[in-house]
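Residue numbers (this note's numbering), protein chains in the order written: chain C, 10 to 216; chain F, 10 to 346; chain U, 22 to 464; chain E, 1302 to 1579.
None of these hints come from the bench; they were simulated from the model.
Note that CB positions come from ideal geometry on N, CA and C, so glycine has one too.
One or more of the hints may lead you astray.
[Unchecked claim] List time: in silico DSS-like cross-link candidates among lysine-lysine, alpha-carbon distance up to 30 Å:
1. U/244 with U/30
2. F/286 with U/30
3. C/182 with F/192
[Claimed, not checked] To give an idea of the interface, some chain C residues facing chain F are shown, with a C-beta separation under 8 Å as derived from the structure:
4. 178
5. 184
6. 186
7. 188
8. 189
9. 195
10. 197
11. 205
12. 207
13. 211
14. 214
Residue-level listing of the chains:
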Amino acid sequence: MSELTSEFLVITIGAILVNNFVLSKFLGICPFLGVSKKLDTALGMSGAVIFVMTLASLVSSLINQFLLTRDFVIGGRTMNLQFLQTLVFIVVIASLVQLVEIILQKVSAKLYESLGIFLPLITTNCAVLGCVVLNAKATGPLQSTWYGATIYGFCSAVGFALALVLFSSLREKLDLAQVPKAFEGTAISLVTAGILAMAFLGFSGLV
Amino acid sequence: MSEQESTPSIRLPDPARLVVSNSPHMRSGENISRIMFTVVAAMLPACAVGIWFFGLAAVWVLLACTVSCVVFEEGWNKLNKRPSTWKDGSAIITGILLGMNLNAGTPWWVCVIGAFLAIILAKQLFGGLGYNPFNPALVARVGLLIGLPELMTTWNPTHAMVSTLGAADAVSAATPLAMAPGKVEVLQMLIGNTKGCLGETSAIALLIGGAVLLIFKLIKWQVPVAFIGSVAVITGIMHAIDPTTYHSPVVHILSGGLLLGAFFMATDMVTSPMTRKGAIIFGLGCGIMTSVIRLWGSYPEGVSFSILFMNALTPLIDRMTVQKPFGYVAPEKGKVA
Amino acid sequence: MSDKPRKFKGGVHPSDSKALSASCAIQDAPLLDKYVVIMHQNIGAPPQLLVKKGDVVKKGQLLAKAGGFVSVPLHAPTSGTVSAIDKCPGPTGISVPAIHIDADGEDEWGSPFEPIANWQNCPAGELRQRVWDAGIVGMGGAGFPAHVKLSPPEGKEIDTLILNGAECEPYLTADHRLMLEQAEDVVLGAAILARILGLESAVIGIEENKPDAIAKLEEVAGKYHVRVQPLPVNYPQGAEKQLIYAITGREVPVGKLPMDVKCVVQNVASAVAVADAVVKGIPSIERVTTVTGRPVKTPGNWRFRIGTPIAKALELAGGITEQPAKLLLGGPMMGIAQSSLGVTVMKNTSGILLISSDEVSLYSSEPCIRCGRCVEVCPMSILPATISQAVENKRFDWAQELNVQACIECGSCSYVCPSHRPLNQHFKWAKVEIASKLRRRND
Amino acid sequence: MELKFIIISIISTGIIGVLLGVIIGVVAKAFAVEIDERIEKVEELLPGANCGGCGFAGCSAFAKAVVAEEAAPGQCPVCSGDDVANIASYLGIEAGQGEKMVALVRCSGDISNTVRSLYNGIRDCRSAVVVAGGAKGCDYGCLGFGSCANACPFGAIEMRDGLAVVHPELCVGCENCVATCPKNLIVMVPAAAEVHVYCNSPEKGAAKRQVCKTACIACRKCVKASGEEEHMLVDGFLVKTNYENPPSADLVEASACPTTALRVAGKHAANEYQGVSK
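Only chain C is shown next, with the shape it has when bound in the complex:
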């Protein structure tokens, strides 16, 4: 296998299964718990996150590559704007979320309502920022290109979606269970998420 193909595998399988954003990096727990009560909303959220994360990866890696990491010389000192990374990334993500929100409200008011506060909260979803930052820090020959970063963003989002959909179907089942009062709701969800994370640990070492 060439280096690129093997890195491609690392990026895809790694992001979806092995280093799953939710179940192994524990990023994006807020929407993971918040919008996983129903499979339908979870699917909607997954779509939104895939959209935002892929685009955010693309846009920010472009900005990062062609603007922020470009060295320039001012008064004999070589400098770059890397220190602006976090700021710019957040601006990009926030605008993308805003876009999704505006479009969704028009296209599917029902989904918009059921996602509620968690839609604007994608902005602060650490999974998205984490993904973008990981892209900016990547050293691999593939991931450090803008298309590699986009693939990584997409796969991470798919991993997030996978975890979210699995978890929401489990929670729909938990809805029917007679969970002891003290453990109802978030408590039992966290227990379930923990066991789910244990199951995902089986993938470790695959890539």
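Starting from the known structure of chain C, fit chains F, U and E onto it as the hints suggest.
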């Protein structure tokens, strides 16, 4: 005569003691504990072989697991003022299964921790029997494997191995899966004279148990067949490509917890899909994931992880495989029912 | 049409316990001094009362006329005086209006119509009218007016008439004895029904556990091009949709009627009633009913007048030897539990069954262990376990998504459930809720 | 030099911001959705119990209807008078408030008073009623499995000895229980009326007494005790309170109802009555 009032010699039912309920008014006589204890019986051959090869140590592990499972179950019931449930046999099954998934020399406190994970964390927190989305014994095994990897991946040699190889060699001997391909003695694996968890070594005993389950229709045949079949196919292909790195499918099937998992854990009714179609998907998923983890993953054994992962997928599979009713007609679009 | 019956998916094999009464010949029940005829005995509109308190009626006289097309008239079971129009315990546990008749012991005949001797040449419409006038309903259990099934709407072609002699319910032997003892009448009724539908032939479906009845029917069937079709023993073989599938291989679509697959199904007892009404001019005022169960002293099959109180029927059977846990109208799988002995024999009462406390099925709300047995046995291929959990959590919309309406309430799922869950009641409940939601929306 | 660097940072960040802003602006125009902010404000003023007592799907649907002037704020049975007035004044419309109504379960047949058969099945009225009519001796009485109590979002219905008892002071009149009762036992009555007949059986007195100790046998003692005032109305074999002209609580004492079917709501809620054997 008919004109007279009923003669006192004719006794009629007392209406006040008649129960009203919905039909049907007969039942097949099947109940949960009967099912559960049949499963226990089906596990006994494998346990017996484990005890034969590993000796008293195996007895202690099985006992410690079963007793602590029952104690945790009853303790929880008492604590929550729920009716006693150990008699339905599910806690006993969990205990024995957990024991079978442990090394014969496992310390007692590990058994107790496992029982806690299984009964309290994986079962009672979700509302008890029937509501747990994950197989309790598997949660315990995987939990212990992650938490105590050293303890969970060293195995006692069998008595027979000690006598043939000598104590030192026997202790350092590898499990079949960890050996170099082509050096595995298939016959020893069939009878169970290899290293491994105490209940998973003997293929023959497990097959007998599986046959019992199938005969009493306690499991769906689709699950073990799809599970074992897909492992055979995938490992077979890899073996054909490169026999020096990859074991033959026979070794894969007979080694590790595959048979135990395929017959006793993947088939757990509560955590596997209900329809036949779902069962096939479930078995295939288990098989594929087990093969992938065994061939390329960092853990030597993928059965527990794969079943646990498929447990998580079960609600989705159930949703996808809702069967069409007899005489089903697709609802016309646009027509409001 | 092949001679080999198809096997429908699912089904259960409860121990049939038919031996208790299968060898007991049908006896005519003696005349009582009092009958209570429940007004509304059919599915559809209740009939309209024609008599009042104090009226003297003759046996066979009209008590009430049909209250619409899907409704049948009611006739006096014997001669006597109408002592009251009052409530009496109904089969569903709610008191229902009934006509109380004090018999005069004369049993004087006053038939509303004459026999049609030459029925082969009688127009189909007239025969159909006779079936209606005689007040014949589906005597297998549902009580659906027979003439309605015989009147396919314009454009609906019928090519198969099936007589239901499956009697798949355990314990019940009334149809079995009827087919054995009155095979000629069964076949005659089949021929008349076929003529009404403009068909040449008819099929009688019988479960294989009644070889004597099959042999007897085959002996006489040739006379009218009636075919006897033995069916494998599998509950619910006698359910309309399953029976049609077994015999013709056609699936009745959910929410549709046998008519939609060109079939008409009638119970064998209804066929005998048709034969009686046409050839002998006797309206539907009696029926063969099995009185049975372990607690019954001498189980057997009797020909009761409609309106016979259950207490009297049980007395005929010698009373009980032990207190039963349940008293049922109908068989153990689909029968209705009673809490009163005041209910009377109706046109669709195929059995009076006492269930002893050691064989009774009581329900508990143990959790579902998802064993999937209910899914295996469901003859309608729905998911009883999932629907039941949905209903338990009042998720009726979900139950509807899972096609709970397809359920025929045969009870196979509850029969096999190791958790003893009240599955069947869940489905009934869901259907009621879904129907009422639909009504609210249409309002 | 340093300044230049700062300016470059600011400008580049600014350009990115402006670009994104323009994109958002364009998209927002293209996908604009109109929202009436008054709806949100009205919804805030509503109780948010989503009980559906107003006849709409929930508080937000009701808010929409109120703003569209398809419903009057007073239709919300839960809102206090002040809340209704607030909403009305905010929107500048009529409050349209009606009389306060509470639910009444027209049955007093608890376990000790009414004959029941042994029922084995789902513990829910709506489900029990499909089996043997609920297995209660009286075909019209409360089944006692508490479907109404479960439907009440305000905990105003107590299940006591197999009988649903409304606590009038907790009841807000949302009518959720009314549709739930499979026996149609629950009616809405003015909260001002205190005396009710806790029986709903149209059967003859003798038939009722066979199955229930607290049935109204239409003896008319209460009708007579209320004199010419027409506080109580006779309807077949049943007496009903005339809610147009309700009697005072003294009537119960004065009429000495022989079966205690006539009760004062508050005392009934406090469990101060017992049935009377024949």
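Worksheet item: Any hints this thing doesn't respect? Which numbers, in order?
Response: 1, 3, 5, 9
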